[in-house]
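Asker: Here is what each chain is made of, one letter per residue.
There are 6 protein chains.
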Amino acid sequence: MGLKSGHGCVDTKFMGSANDYEKAGIILVGAPMDLTTSFRPGTRFGPQKIREMSVGLEEYSVYQDCSLANVPYYDCGDLELVPGDIDSCMKSIGEAADQIISDSKFPLFMGGEHTVSVPVVDAFYKKYGEELVIIQMDAHADLRIDYLGFDKSHASAIRLMTGFVPGKNIYQLGIRSGTREEFSHALQHTNLYKYHVLKPLREITAEIGNRPVYVTLDIDVVDPAFANGTGTPEPGGISSGEAIDSILHLSNLNLAGFDIVEVSPPYDASGRTALLAAKIIREVILAAGSQRG
Amino acid sequence: MGLKSGHGCVDTKFMGSANDYEKAGIILVGAPMDLTTSFRPGTRFGPQKIREMSVGLEEYSVYQDCSLANVPYYDCGDLELVPGDIDSCMKSIGEAADQIISDSKFPLFMGGEHTVSVPVVDAFYKKYGEELVIIQMDAHADLRIDYLGFDKSHASAIRLMTGFVPGKNIYQLGIRSGTREEFSHALQHTNLYKYHVLKPLREITAEIGNRPVYVTLDIDVVDPAFANGTGTPEPGGISSGEAIDSILHLSNLNLAGFDIVEVSPPYDASGRTALLAAKIIREVILAAGSQRG
Amino acid sequence: MGLKSGHGCVDTKFMGSANDYEKAGIILVGAPMDLTTSFRPGTRFGPQKIREMSVGLEEYSVYQDCSLANVPYYDCGDLELVPGDIDSCMKSIGEAADQIISDSKFPLFMGGEHTVSVPVVDAFYKKYGEELVIIQMDAHADLRIDYLGFDKSHASAIRLMTGFVPGKNIYQLGIRSGTREEFSHALQHTNLYKYHVLKPLREITAEIGNRPVYVTLDIDVVDPAFANGTGTPEPGGISSGEAIDSILHLSNLNLAGFDIVEVSPPYDASGRTALLAAKIIREVILAAGSQRG
Amino acid sequence: MGLKSGHGCVDTKFMGSANDYEKAGIILVGAPMDLTTSFRPGTRFGPQKIREMSVGLEEYSVYQDCSLANVPYYDCGDLELVPGDIDSCMKSIGEAADQIISDSKFPLFMGGEHTVSVPVVDAFYKKYGEELVIIQMDAHADLRIDYLGFDKSHASAIRLMTGFVPGKNIYQLGIRSGTREEFSHALQHTNLYKYHVLKPLREITAEIGNRPVYVTLDIDVVDPAFANGTGTPEPGGISSGEAIDSILHLSNLNLAGFDIVEVSPPYDASGRTALLAAKIIREVILAAGSQRG
Amino acid sequence: MGLKSGHGCVDTKFMGSANDYEKAGIILVGAPMDLTTSFRPGTRFGPQKIREMSVGLEEYSVYQDCSLANVPYYDCGDLELVPGDIDSCMKSIGEAADQIISDSKFPLFMGGEHTVSVPVVDAFYKKYGEELVIIQMDAHADLRIDYLGFDKSHASAIRLMTGFVPGKNIYQLGIRSGTREEFSHALQHTNLYKYHVLKPLREITAEIGNRPVYVTLDIDVVDPAFANGTGTPEPGGISSGEAIDSILHLSNLNLAGFDIVEVSPPYDASGRTALLAAKIIREVILAAGSQRG
Amino acid sequence: MGLKSGHGCVDTKFMGSANDYEKAGIILVGAPMDLTTSFRPGTRFGPQKIREMSVGLEEYSVYQDCSLANVPYYDCGDLELVPGDIDSCMKSIGEAADQIISDSKFPLFMGGEHTVSVPVVDAFYKKYGEELVIIQMDAHADLRIDYLGFDKSHASAIRLMTGFVPGKNIYQLGIRSGTREEFSHALQHTNLYKYHVLKPLREITAEIGNRPVYVTLDIDVVDPAFANGTGTPEPGGISSGEAIDSILHLSNLNLAGFDIVEVSPPYDASGRTALLAAKIIREVILAAGSQRG
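Top line first, the protein sequences correspond to chains A, B, C, D, E and F. Position 290, counted from 1, in the first sequence is what our numbering calls 341; the numbers after and before it change by one each time, with no gaps. Position 284, counted from 1, in the second sequence is what our numbering calls 335; the numbers after and before it change by one each time, with no gaps. Position 51, counted from 1, in the third sequence is what our numbering calls 102; the numbers after and before it change by one each time, with no gaps. Position 145, counted from 1, in the fourth sequence is what our numbering calls 196; the numbers after and before it change by one each time, with no gaps. Position 35, counted from 1, in the fifth sequence is what our numbering calls 86; the numbers after and before it change by one each time, with no gaps. Position 205, counted from 1, in the sixth sequence is what our numbering calls 256; the numbers after and before it change by one each time, with no gaps.
Accuracy of the hints is not assured; some may be wrong.
Same chains, same names: a pair is fine if it fits in one copy or spans any two.
[Said to hold, decoys possible] Result set (SDA-like, lysine to any residue): computed pairs, CA atoms no more than 25 Å apart in a straight line: (1) Lys203 - Val106; (2) Lys64 - Ala75; (3) Lys142 - Thr213; (4) Lys219 - Thr63.
Think of the hints as simulated: they come from the structure by calculation, not from any bench. Predicted model, so just to flag it, every value in this text is computed and none were measured.
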């Protein structure tokens, strides 16, 4: 009966989550790390707000004509991360990624700050090596060598990846902010496309071909009008429509993992940023689910 | 003198309202019904916030080159609706619609939740029968047969209309959310156009011809960036510019009545959602006024 | 391991909840009914916000020198209630109360609007009959015979109880608002104490003796400075300190059940209302737990 | 019928207002002047927010055991004041006060900034001369000779009165902020009581006797915990309870007029400041109504 | 060392400001005048919020491939303006403009309300006479002859300029609101382009040629989705992307001075309006700096 | 002249600050460290908000009958702290404290989180050794040995001090939250007083005598009604009045330094928490200034 089993009671997972890790092919994990933001904190509340807002959406997507009800995925909640201790946080995230990958499942992380992506990409690189392609959708290049002498902040997230992912295997889309040095670094180490996301994404699809792709989406790639709930918004971004279309296009790639980061609920009383994140997650689950059969 | 008569004092009607129901051809009515929302309540505050924000606009529209000062319309305030009692609320709204229609006036309702439209459409159907055309601009199909077994919620507003409006006389524009079952129902009973509003509206204008048209606009058809103050926002919608252009296009149709629903002020500290609603209402009054001569 | 079992992941229950209904003596249930409010809605978000804020408190209470870690209680989440359908909501709440009582456990409900208390008190009255004592802490008498002709609103919550609880077995504390008629009704049917809570509570303790006591606390008994997150605040209330002291005094009574209602998070950006509710719940669990041995 | 007459529709006057100036003995007027604030603006929205929140209160007062339903008073709305033009604003307010006084009615003004009180007191002084007693309840002395060289700001409101009200006929209660010069000025020209309101009010009651009393209450006399919605809050003030008790005590004086100023809704999302103002206004209307028979 | 000199401490100037007026060619000045707004006040907080948000941007612009680090500009803080005294405010602003112009520097004012632009344009007109071109980017025509009889409000800002700038030397771009009379006045005295900014700006570039250009940008030209923090928002405006592109186009003109007005932080909890203003200011400084060599 | 020198322009220091470190006896420093909060972040914005709100207060205190104008103190702005790097932050704070103390000045730090106090107390202990008395006013004991295994969080601030300050030289006042273990630790190592501040402060004054006293005030010692802008509020605290009276009482002690921590502006839209902090700082400056002659 309801009270005993939890059935009949409303829970707080992402809508449509299965109750079982084992049977699910896609695993949703919250990584509320919120430590190194130079400007405005709050991403620690991102994953839970995304779950909360997901209830306002349908499980069925008219875009892909399929439903979460038909895709076995599991929301295993938020990782317990130690406030103030970066190394410990990144270790926990990396271990979670390792396990999901070794279980041959598709990880879908919800940040937290962008640093969250680093140990996940590291876990994927251990599996795929230089086969791995990384696509970043972001307003900022995140290629700083350090920030006030400190080299592990969210402004260095992609720079840290260029340290262990050799070759120009990282695609940076939608970038509209960075230092002069970051853009110089990109010239050598990444493929950087300014301002736009959908158009370059279409262009690179053929060259990527069937290689395994990890996508990291910083919500601030979207204009602050559509996604005001983020720590370092940057005016002049893409619309929510372009963001959704870009996600739908990912079904043309061999998607191996995904994260969405930098949703910071305190700056968005309307909840529309977390809602957009929830809609993106729904479409990623459906796209990945259809690929996995 | 001012204090005695109310002249010289600022009132709280929609800008430019006449003081007299009898001489007005267009009647503005608030229907703050806010009962069945499954997610986030607050539409009960919609009509009053729309009035309050209207003061920030001009009575003159540069789009139509005419002014509210030249159109006799009357804002008769909010209906007094019983909190918690759906049947009583819908009865009161229906009676108000009946009277305005029988007085040969043009009703313009401000919700409240989308359920508000049902008794108004019912009143129009009693007058026009199958001549009546209904145009819905909305993010959601609102065609649910029930919600947790309950069949009178705002998620069923258009489904309730398909129960008494036979034939495919309902046009649904801008729809981007619903269950699989709702889209199946639409195939049989309505004309549903996904994602866009202005383009399909232009396409259907000729086939509608001179038939009387009732328009119901759910503010969530607009993207939450432009209209964050609503209970169930859905990312990926039209811009405020497209919304205004769509309203201006209505002057090509034989407009019989209009409502705007689901404005929920608590989720919009800036007031821009109510302001957009006020601007839409101004343009509808001017368009309807010019048709009525 | 963590991801599979949920261990190691942060959940969203009230802090310190056990994982098992069976072994718990105290059962926490959310009843997010939010239907009949005449003024400002939002209580549907109350239970989840209380859980969220509880994380900011300690499990240990220095007031009672004991800890939730030593009391087996279980948070079974929110009941799934049908939006817009009062009768169905109250039936679901009553059934939950019936089960908890028949399992000889202590129910602790989190509203939701005050109407939530009615089926719970009804369930207790079926067990204890006229032995049952009801203590209401509230700013409002809640004794309206109806509101705009409708007799099931939160303004009638206690009036509905006087319909099935004969004798003056209801104590109303802290009341500072009502109609003339409500105060007349109270003279005949309840024991009403104006403005204060702690002082009259001490006075009535002896006369109540060992009879089973159900306490319903409407958060608006506290002044809006301390509890701004509520739908119908009433200036001139008690402090949070007096509220806590009153709860601590309840350990002198034979407490059978408890509810806390009318916490409405949208009106409190700081979260302190839900936090006060969480602290009160902690103290009630500890007080009830020590009585149950 | 409802739509035509406005009956049956919810209006936006202060609760319980009569429909007729002539028959009313007490006149409520909004004076949304908001021009000279040195710190944070917003008092222009005060009167309308007070009306809006009044709906959340009962017309009956358990404190005085009487109801607005039994007192003929009239809310004539907000004066239309020219933004940016101080002299014109103060002239309009003075004319409204003159008329109400010459009609032998009791004026009750809602600010707006404290400068609003100056022309009203001027109007009373023209009638009563040195018989007139002024009681100010306020956190600030408001005795500045100027602010950056400008002598008509709200920081000079009482200083302006000392210019035309000779003798120590002004009582200042609750004062906890001012410049050294203001306190020196008070020594010569007013009776200033620091920090407290109720205690000094009781002490001066006998010496005031039956002289006509005008009370001006700046909401910031109340601590910002209870009244956060004001432009220049000052920590360390009285509670809402002491404010209400002080108002109730006014029935021991010969009350001739009243104003409540500096309610600034933008700084109070909960609305409790305007609500406290509404409750104070209800009690003043009831107290003044009982004196007028 | 840091504490003594301020080095090492974070200050609150616009990012990258020099420490010295003398060596700077571009001077940033806050003019927090906020007096005549007819609707919602708050622009007095604009300049400081813009500075605060600027910290979230980079000094380097990828759009222009140059950095504030290479342009000597100086933020001299906010002018001290007398609250409530329009004439004194406008005199202070005019004197500041006079000095900067006579020192052959480029003034960049941050309002405050739009009235701020009038004395600055007056100062430029004294230097350049009819050579001067004024470009206004705005939702409103601001050509009112008066507002309630008062002729110095922000709704008359451009009208006041037409009084002393003869010939059609004022270009109005993006206008979508005004009275019928304002549009008539524009026909005679200005060049008014409706709805759009970038397209007409490109069209008029050739005809303006090398004449000195002063640009005044009212942030409400941008749609309230992108710039909600303003007093009189007007739905249906340009995107932040079009605003940025328009600013970048200004490098094709002989830019002499610039202001950005009507940023009102209280209506934008996310800060994105001030952030967009900061980004615009960065681009203007870089564009003007490159012109000045 | 104004623009060049900054004179005539409004700056953003705490009201009444001198322009010179050398001549000042009291030094105000912002330490916006915001790294280890387990619950809700935001204290990094505390110092700047306190400065901003200080403008709403007078420099003159009627409580002490003296003015900041007569006390030479200097606000040297915020320390530049590395986000995410605790050790570096604490080193910077310690160095600032060392310098101020070695210059024989009185340091007044504004946090930031409570961890900020640790290096400051360390600096004082190096000077005074066991002569030093520490008084903590706080809701929480802050005596945790670690938090999730991490020993440098704000929940361990006082525990860290007990590591290097031997003897029971720490007085903890107002404590109403902690774990059982923290209260056990307090029994051995500190003097802990529950719930109240003013009463125990008076009691310990004599026994402290003339020993040098460092006071650390966590704003959450005040009830969240009066100080909602903090990360871990705890209901049931002291009033703002008691806080001010406690600060005034400090003039009876030999005050050597002071800090106020945990002001977190994002949770307080009204700004009253920062305002209370500003008022407390004013009173501390005046009290310390009078002691220093």
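Asker: Each hint: holds or not?
Answerer: Hint by hint, here is what the structure shows:
In the homo-oligomer, the alpha carbons of Lys203 and Val106 lie at most 25 Å apart only across protomers (20 Å), although the nearest pairing inside one protomer, at 35 Å, exceeds that limit. Taking identical chains as interchangeable, the C-alpha atoms of Lys64 and Ala75 lie at most 25 Å apart whether they share a chain (14 Å) or sit on different chains (23 Å). In this assembly of identical chains, Lys142 and Thr213 lie within 25 Å of each other by CA distance solely inside one copy; the values are 19 Å within and 31 Å between copies. For the identical chains of this complex, Lys219 and Thr63 are neighbours neither inside a copy (40 Å) nor across copies (40 Å), given an alpha-carbon limit of 25 Å.
Consistency with the previously given hints fails for number 4 only.
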